[in-house]
Amino acid sequence: MSTEPFAFDPAIVAGVLHHMNDDHADDNLLFARAFGDPAASTARMVGVDGVGGDWLFAVGDGPEQALRLVWREPISERPQIRQEIVALYDRACAALGVEPRPHD
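In the UniProt record's numbering, the protein residues as written are 1 to 104.
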């Protein structure tokens with residue numbers, strides 16, 4: 001049995017990163033503030049695999065810091081990525097006392 005996380009096809013990873021960084025930049029910052037540093041001022045998603053997602057965030061003009069967020073359970077299908085990011089979003093909103101927007 002492999003201990004390596006499931007590796008999504010590079011095209012899937014590129015699509016997820018593009019979508020999160022272009023369409024959900026505010027969510028990336030929400031994750032950074034909830035799970036990294038409440039003072040985070042920038043954040044971007046830089047990776048995804050079957051165990052979790054990777055973000056880089058910065059506070060002010062400081063250096064970028066790595067943030068690894070683990071999924072609720074290991075995944076291996078593209079639709080599960082969205083489900084796990086939505087779950088992270090809900091957890092981040094709860095942690096920061098923010099009213100979550102409805103999910104489609």
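In case anyone wonders, no lab produced these hints; they're calculated from the structure. Positions of the beta carbon are idealized from the N, C-alpha and C atoms, including for glycine. A hint or two may mislead.
As the list claims (entries may be wrong) - Cβ-Cβ distance ranges computed for the label pairs, FRET-style: (1) A14 - R68: 18 to 26 Å; (2) E99 - P5: 28 to 36 Å; (3) E4 - R78: 12 to 20 Å; (4) Q83 - A14: 15 to 23 Å.
Comparing the hints with the structure gives:
In this structure, A14 and R68 meet the distance hint of 18 to 26 Å, their C-beta atoms being roughly 19 Å apart. Separation of E99 from P5 is about 33 Å and conforms to the stated range, judged on CB atoms against 28 to 36 Å. Taken as a hint, the range 12 to 20 Å holds for the pair E4 and R78, whose Cβ atoms sit roughly 18 Å apart. Judged by the Cβ atoms, the range 15 to 23 Å given for Q83 and A14 holds: they are separated by roughly 20 Å.
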